[in-house]
Amino acid sequence: MLTNLPILSALIWLPLLGAVLVLLTGGDKHANTARGIAVAVTIISLLLCVPLYLGFDASSYEMQFIEDHLWINAYKIHYALGVDGISLVMIILTNFTGLLVVIAGCHSVNVRVSQYMAAFLTMQGMIVGVFCAMDAILFYIFWEGMLIPMYLSIGMWGSANRSYASIKFFLFTFLGSILMLVALIYLYNQTGSFMIQDYYGLPLSFKVQAWIFLAFLLSFAVKVPMWPVHTWLPDAHTEAPSGGSVVLAALMLKLGIYGFLRFSMPIAPLACSEFAWVMIVLSLIAIVYIGLIAIMQSDMKKLIAYSSIAHMGFATLGCFMVYDIVRHMASLQDAYMSLEGAVIQMVSHAFGSGAMFLGVGLLAERFYNHSRLIKDYGGVANSMPIFAAFFMLFAMSNVGLPGTAGFVGEFMIIMSAFQAHFFVALFAALTLILSASYTLWMYKRVFFGPVANEYVANFKDIGWVEITNYVLLAIGVFFVGLYPEPIIKVLHVTISHLLLQSIPPEFALNPAPVFFA
Amino acid sequence: MMEFTVPQWSLAMPEIFLLCAVCFIVLADVFLPKTYRILTYILTQAALVGAFVLALSQYNQSASPIETFSGHYILDRLAVLSKLFIYVFSAFAFAYAREYIAARKIARSEYYLLGLFAVLGMSVLVSAYSFLTIFLGLELLSLALYAMVAMNKESAIAAEAAMKFFVLGSLATGILLYGISLLYGVTGDVQINAVAKVLQNRHDIVPVIALIFILSGIVFKFGAVPFHMWVPDVYQGSATPTTLFIASAPKVAAFAMTMRILVQAMPSLHVDWSHILIVISILSMFFGNVLAIAQTNLKRLLAYSSIAHIGYTLLGLIAGPYSTLGYSAAMFYISTYVLVAAGAFAIITIMGRDGIEFDNLEDYRGLNARNPWLAFMMLLLLFSMAGVPPTVGFLAKLGLLEALVQANLVWLAVLALLFALIGAYYYLRVVMYMYFEEPLEGTASLPVRMSSGMLVAVSINGASALLLGLAPSFFIDLCRISVG
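Residue numbers (the numbering used here), protein chains in the order written: chain Y, 7 to 523; chain D, 62 to 545.
Chain Y with its partners taken away, still in its complex shape (with noise of 0.2 Å):
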């Protein structure tokens, strides 16, 4: 049986040995080893994720493919891993980011190659531990443990500004998760247990959920972003490295969501539902106000970075909106739409803004000193049709036209919105404004008008490597945009029992419509 070998394990493990591998081919002597090792590293993980997805039964809300071993004695703390439909997802979108930023480096990155391969690698061993983490000291050492390869990558490869970022992404993250422990630590007092499951359905006091609620939210929310701790994103994505940014923005935000999903919604979920409307006003927050920030951004970096923290507004505001929906439909139905438009947001925003902002990354590394700002660029098209094209692809798909996929998600979140409340549901819809003007603005700015200088007139259009990474991007785009039924396929189950889990007993039994009654 599939389920029986430990495919996740391997997942983790496997690039974690890799890095290894690659530290030890030393210096920049053996660079070409050392690309070939985290290539044929990251394909492999890769490749791994078809038995896991083939192997995984979409008709069970059930943990799968489930590792178990005690590990540490004294604290009770298992190395259990396991796999649910949302896991899942986020762990192949992993993977195949993994393999793209390792592609995308062997060409942009020249200095201390060993060394970047490796943090990419740890990065993307941890991620995927994060996500299928049963225990939650053990999801707490991924969580954490991750920050080191980040920091390192930003602080060693980023650009001008890098050491001050570094640090600032460094101590907002730990700050956040420091709550979080003494949460985890207090539902081990009281159950005996880390293993996350043991949480769920605790019959806990609101006073305490409201507790743990607003320990859990503070870590999260740094890491989604949400507004107000959201200042360190723009400082790290704009420094960091394109293949930091890329999985930065691909995947460490969407550790917040997750963490929404697994934790905090069915382990407080009373007290969810009491401070929804303080999560939706973040929500509607991050999408309109950063929105308008974004416009008016001078740097590309910066522009994408806040545009994701309002496309993350999106995934949160679906997960919260799932109480007032029940609130006021009493209607599963619409909740659960709303639910899973937050979780394929995920997946479509790892596509369109990790794509952006590898195309940055190219501009940025053709110009003479590697700038990122608007100004310095223009007529790009001229100069790099092929990457012009791509680049307006992923531009749509950031926007949310339909049949890319950042239309889905959004689309479900608004209309699931819609039944609820009419007014969020309104301001919601202004990203479908506001993204266009940001992105399209830059994308005329830079790729269309005038060559702006001999620099840009001189640029070499994208070669075989990129145009590689830009397909399978694009594969990912239209996949998800066009015919998403294979994630929908295996989220639903999970998703389902996920809003049992997360809403009140009391809500379901007595429904009180009250729009339409």
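Take the hints with a grain of salt, since some may be wrong.
[As the list claims (entries may be wrong)] The list that follows gives simulated cross-link-like pairs (lysine to aspartate or glutamate, EDC-like), each with its CA atoms no further than 20 Å apart:
id : chain 1 : residue 1 : chain 2 : residue 2
1  : Y       : K82       : D       : D538
2  : Y       : K381      : Y       : D305
3  : Y       : K466      : Y       : E371
4  : D       : K225      : D       : E200
5  : Y       : K381      : Y       : E371
6  : Y       : K174      : D       : E498
Just so you know, these hints were derived from the structure itself, not from any lab.
Guided by the hints, dock chain D onto chain Y, whose structure is given.
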């Protein structure tokens, strides 16, 4: 009239062996010609190995505590395991010291002899079961340490550090002794067990006053706020291997002593001492971490960080009476911290060359470019100090937090973590120098010279910060066994 019984000499075998070894090495050293002085070093390490083996052979015997020497000496798990840790850490410290003191022409054989006396003092200290023996061990340890700090004759700041250490240390000893005499006045005994029994029925203020004096002495030896003033100066002023030695094994001994005095002799006063310790611990974490931010000298920075780490260790003692794993978490914390700190000081030792210390933060610029392996080891050690998983420092903090939550001190757990956040900042700053900056001009092409022995030792030290983080069970269980 007191009955005289013959003590069970065999229980004190490690100490007796060490004493004989020291005497033998003193004599041997006198008669050895200069070219064979390396033998002194080898004999010293052999003495430590011998003591280690003897202590290990007592492990099974120590399952139930045995008192002897009229109840002044005890053999139990705490004593045996502390001794094992002390011997291992001391052996590491001497190994790191060998090349360093040779390069600086510090009187070599005396260094090891004093070191062995300090080890003997620590051995006595952790096995002491009366205040007299505790005092004996403590003084033997302290006097040897004063001399070791002063040995770096060439250096003015070493002389200053030694002076400070000696004067303040003597003062603290005096205070401790005063507390002990008060306690003797109250209880009429110095033996731990007997004191504990008498104190159970005393509810007046005098034992509390004695407790305060004794605690002051303990806090001084630990180097926690408000008796921390000597720590930065001594850490910075001493020769780096001496700093390493002071920062490692004596901390374990001090912890065992604290367990004896507070937990075994004064369990009935636990409300008082845990309240006092809460204040001391918060102050230590705060001042240690905040003052470390401003440091430009790595040794001084690590000195302040050690103050903060002592503050964390005390958390375990605070939670101890109210939880099942407080003491063992504290033991785990201090022993892993000592391991990590020893590694960090070892790297500073290695960085020094041609008799000049390279202990400013600036000197670590671009270490990754000069020697990636050394930089990576330092990275692991620093992240372990910061408490970031998957290093052992995280699990150590986790144990403390669990104990605190169990003891209903959630606020203290949150506070401790907030201080850890401050701590993370200055550890990250060192990493930043090592990894994000280019080497200083002129040092870029200078390779970091180290012998293969040093390389192996420092690799063991650094790698154990990671490996103990991945497979800590054995170590945690040891600590649980030792303090119950």
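Each hint tested on the structure:
no. : hint             : verdict
1   : K82/Y to D538/D  : holds, 12 Å
2   : K381/Y to D305/Y : holds, 9 Å
3   : K466/Y to E371/Y : holds, 11 Å
4   : K225/D to E200/D : holds, 16 Å
5   : K381/Y to E371/Y : holds, 16 Å
6   : K174/Y to E498/D : holds, 17 Å
Violated hints: none; the structure is consistent with every hint.
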